[in-house]
Amino acid sequence: MTDLIQRAGIRLNATASSPEEAVALCGQVLFELGAVSQEYADAMWEREQKFSSAIGLGFAIPHGTDEARKYVKFDQLVFLRLSQELQWGDELVTGVLGIASQGDGHVEILGNFAELVQDENSLDTLLRSGDESQIVDLILGTNS
Amino acid sequence: MASVSGADVKHIVVACEAGMGSSVMVAKMLAKQLKAEGVTVTHSPVNQLASTQHEVVLVHRSLAANAKNAVPNSPVIAFDMFLGDMRIAQLVNEVKEGSVISDD
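Heads up: the sequence lines are chains A and L, in that order.
For the first sequence, our numbering gives the first residue as 606, with consecutive numbering after it.
For the second sequence, our numbering gives the first residue as 186, with consecutive numbering after it.
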């Protein structure tokens, strides 16, 4: 089984000039990994417009709509670190965790992610590490 | 308005839109904080709230009115921030201390 997040799903110097571009890039990476079809990528922006996915502390977690789950081929997360901070609704965002999920398979990792961004050392790794594997291990919780 | 004693809370449902992102994350964090109290925390789309087992509904403020419409007799607690929200911290305390949880 593929890990929920993989090195190929990490972009440490991503360029986006708006939340729309950042969400589109998440969709594109998920698409390139084969995890979703284009319909899901489109649904991610549709969902974002209804309700901002910025969670605070510099992070956003865009995902599709409930109806778009059928376009998910396998559960997968992608992580973008933006080279420039973006105004994202009421928040400023530099880290974007894109989510594709058919069910609740990603829930543990999402809970883990919430703890990571509230922990000084983990936050530093997420924002500064140049090593994709280190970030994969951190998000998967396999290095603790 | 609806209320319940924190001592009677065994199921909290976090209402959300798609059930994939931020509300799921909140549910997971809350579940961890209330595990010792034997409280089960689940998540549900707002339009399916009526079919969930819960004593308290937790929901982001932007969906609070929809949630209250869906389950008018349940206490519906609204939060503003996904990380570090004071109302969620208060809810955890109310459950732990068995004090009154109210959505007035």
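Worth flagging that the hints you see were computed from the coordinates, not collected in a lab.
Glycine included, each C-beta is placed from N, C-alpha and C at the ideal position.
A couple of the hints might just be wrong.
To be verified - According to the in silico footprint, chain L covers these stretches of chain A (three or more CB under 8 Å from chain L):
| no. | stretch |
| --- | --- |
| 1 | 625–636 |
| 2 | 661–671 |
| 3 | 691–700 |
| 4 | 717–729 |
Legend entry - Contradicted hints - numbers only: 1, 3
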